[in-house]
Amino acid sequence: MKFDINVDKCVGAGVCAIAAPEVFDQNDDDGIIVVLDPNPPLEQAQLVHDAATRCPAAVITNVQL
Amino acid sequence: MTRDTKSPLESIRALPTNRCPFDPDPRYETIRTEAPVLKVSTPAGFDVWMVSGYEDARTVLADAETFSSVDASSSHLMGDKDNLGAPPPPGVMIRHDGDSHSRLRLRLAREFMVKRVAKLEPYIRRLVKEHIDGLAERKGPVDLYREFGLPVPALVISEILGVPEEQRDEFERATASQVDLTLSLEERQAAAMESAGFFVRLVQAKMEEPGDDLLSRLISQPTERPMDAQELQGLALLLLAAGHDTTANMITLSTYTLLKNPEQAAKLQSPAVLDTGIDELIRYLSIIHNGVLRKAVKDVTIAGQKIGAGDHVAVVLESANRDPRFLDGADRLDLDRHSAHVGFGYGPHQCLGQHLARLELRIALPELFRRLQGLRVVTPDEEIPFKNDMLVYGIKKLMIDWDEVIA
Chain A
1 MKFDINVDKC VGAGVCAIAA PEVFDQNDDD GIIVVLDPNP PLEQAQLVHD AATRCPAAVI
61 TNVQL
Chain B
1001 MTRDTKSPLE SIRALPTNRC PFDPDPRYET IRTEAPVLKV STPAGFDVWM VSGYEDARTV
1061 LADAETFSSV DASSSHLMGD KDNLGAPPPP GVMIRHDGDS HSRLRLRLAR EFMVKRVAKL
1121 EPYIRRLVKE HIDGLAERKG PVDLYREFGL PVPALVISEI LGVPEEQRDE FERATASQVD
1181 LTLSLEERQA AAMESAGFFV RLVQAKMEEP GDDLLSRLIS QPTERPMDAQ ELQGLALLLL
1241 AAGHDTTANM ITLSTYTLLK NPEQAAKLQS PAVLDTGIDE LIRYLSIIHN GVLRKAVKDV
1301 TIAGQKIGAG DHVAVVLESA NRDPRFLDGA DRLDLDRHSA HVGFGYGPHQ CLGQHLARLE
1361 LRIALPELFR RLQGLRVVTP DEEIPFKNDM LVYGIKKLMI DWDEVIA
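As they're listed, the protein sequences go chains A and B. For the first sequence, position 64 (counting from the first letter as 1) is numbered 64 according to this note's numbering, and the numbering increases by one without interruption. Positions in the second sequence are counted from 1; adding 1000 to them yields this note's numbering.
These are calculated hints, taken from the structure and not from any lab test. C-beta: ideal position from N, C-alpha, C; glycine also. One thing to keep in mind: the hints can contain errors.
As a list, the in silico DSSO-like pairs of lysine-lysine whose alpha-carbon atoms are at most 30 Å apart [claimed, not checked]:
| id | chain 1 | residue 1 | chain 2 | residue 2 |
| --- | --- | --- | --- | --- |
| 1 | B | 1129 | A | 9 |
| 2 | B | 1081 | B | 1306 |
| 3 | A | 9 | B | 1298 |
| 4 | A | 2 | B | 1115 |
Taking beta-carbon pairs under 10 Å as the criterion, some of the chain A residues facing chain B (in silico) [to be verified]:
| id | residue |
| --- | --- |
| 5 | 11 |
| 6 | 12 |
| 7 | 14 |
| 8 | 25 |
| 9 | 30 |
| 10 | 31 |
| 11 | 35 |
| 12 | 50 |
| 13 | 53 |
| 14 | 57 |
| 15 | 58 |
Taking the hints into account, I'd like the entire structure generated from these sequences.
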């Protein structure tokens, strides 16, 4: 599965890192989104979708299977 | 759209402020569908557009370019209206917009990252243990809010800010007195002055001799524009205001709620349930009371309603989180379910300390229910003093007792 991210919008809330911890983390310097797996397996789809929905800055878009 | 002149909405001229007691004012059900953007008067004496639906709430809070945070988020409830439009105090980032906000926010985000906050777990566990031990020594009944709810989060903040060990009791007393409604207004104001003075001295001490704590890192780390003493003091006060009484009220109100929902309380001992259950409590109780304020900087239309430049908007989180278009059976508490709630707000100002709040609650609540066997509230329901008149909803004093304290 795939998705896009817009790093410039990230506010470091870290919601993605709790929603899909195998796909997203936070940068140690400023808390900004780090993509651990840009092409996660399908079983992560629901979690990535959840991360996209909950992200307060709508950083994660175009979530596609 | 034509509106029935006999609609119950005709009688709603003021921001609804009374809950009953776990649910928002029942009129929000009608308001959300019939007038999702409704002009009402506020306790502070100016009108706001009240936004009560989930999607509209997210739209407003996400669009920080249109909806400014320059006026304090609770000005419509307390501030005198002459202060509207005043420049935000230095360091108080919830009142800054754009780059001025993100500069501060991104310097702090890493301090409150999931993995950073996780390092506080042993300290939080120790505090929770010591304070439950303390309850056991005192014997019941005791006020859960004052003896457990307030001190635990205050001491967590003192650890984050690097308050020296020997000053933590003094710090805890002053911060608790600030919000303790059993004290007089004068006593609370004196305590607030004491806390402010405390932070002036703390920032000074960290500038002279940095340690391993949040303030010291903000002082020592290289950056394009270092924060000055005033900003650091403002920031320390903000972190205290944001992270102390909110968590204290969540601990107290959640305990009462769970005692009223024993089938939900029984689930607390399962770590898997806590992954969703803590957020469900945050959604269900939505303690940020009566809406967060924004100011439109240009003309905009929300849910068909034109909002003019300069108008204020209050986004009512407790109503948005009960919107059935967002969540089936939203008025039900179900610790097993998961939702994209707005209990921590939404948009660039969404709660910075949310992972810390979750961690404190997920340690404190199960331990209270596990260790205090036979935990119960001794005050009759009709005499429980709910905080309908406060910025953060909760219970002013919750007298509890128990049969036995186990290890």
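Results of checking the hints against the structure:
Taking the CA atoms of residue 1129 of chain B and residue 9 of chain A, the gap is about 40 Å. The hint is violated against a cut of 30 Å. The hinted pair formed by residue 1081 of chain B and residue 1306 of chain B meets the criterion: a straight-line CA distance of about 23 Å does not exceed 30 Å. Between residue 9 of chain A and residue 1298 of chain B the CA atoms are separated by roughly 21 Å; this keeps the pair inside 30 Å, and the hint holds. Distance hint between residue 2 of chain A and residue 1115 of chain B is fulfilled; the C-alpha atoms sit about 25 Å from each other, no more than 30 Å.
With its C-beta approaching chain B no nearer than about 5 Å, residue 11 of chain A sits inside the 10 Å limit, and its interface hint holds. For residue 12 of chain A, the interface hint holds, the least distance from its beta-carbon to any beta-carbon of chain B being 3 Å, beneath 10 Å. Interface hint at residue 14 of chain A: satisfied, since its Cβ lies 5 Å from the closest Cβ of chain B, which is below the 10 Å cut-off. This hint holds: residue 25 of chain A has a C-beta 8 Å from the nearest C-beta of chain B, less than the 10 Å allowed.
About 5 Å separates the beta-carbon of residue 30 of chain A from the nearest beta-carbon of chain B, less than 10 Å, and the hint is met. Because the beta carbon of residue 31 of chain A sits about 3 Å from the nearest beta carbon in chain B, less than 10 Å, this interface hint is met. Evaluation of the residue 35 of chain A hint against chain B yields a violated restraint, the C-beta minimum of about 16 Å exceeding 10 Å. Given the 10 Å rule on beta carbons, the hint for residue 50 of chain A holds: about 7 Å separates it from the nearest Cβ of chain B.
At a threshold of 10 Å, the smallest CB-CB gap from residue 53 of chain A to chain B is about 5 Å, leaving the interface hint in force. The closest approach between the C-beta of residue 57 of chain A and any C-beta of chain B is roughly 6 Å, which is under the 10 Å cut-off, so the hint is satisfied. Given the 10 Å rule on beta carbons, the hint for residue 58 of chain A holds: about 6 Å separates it from the nearest Cβ of chain B.
Consistency note: the structure conflicts with the earlier hints numbered 1, 11.
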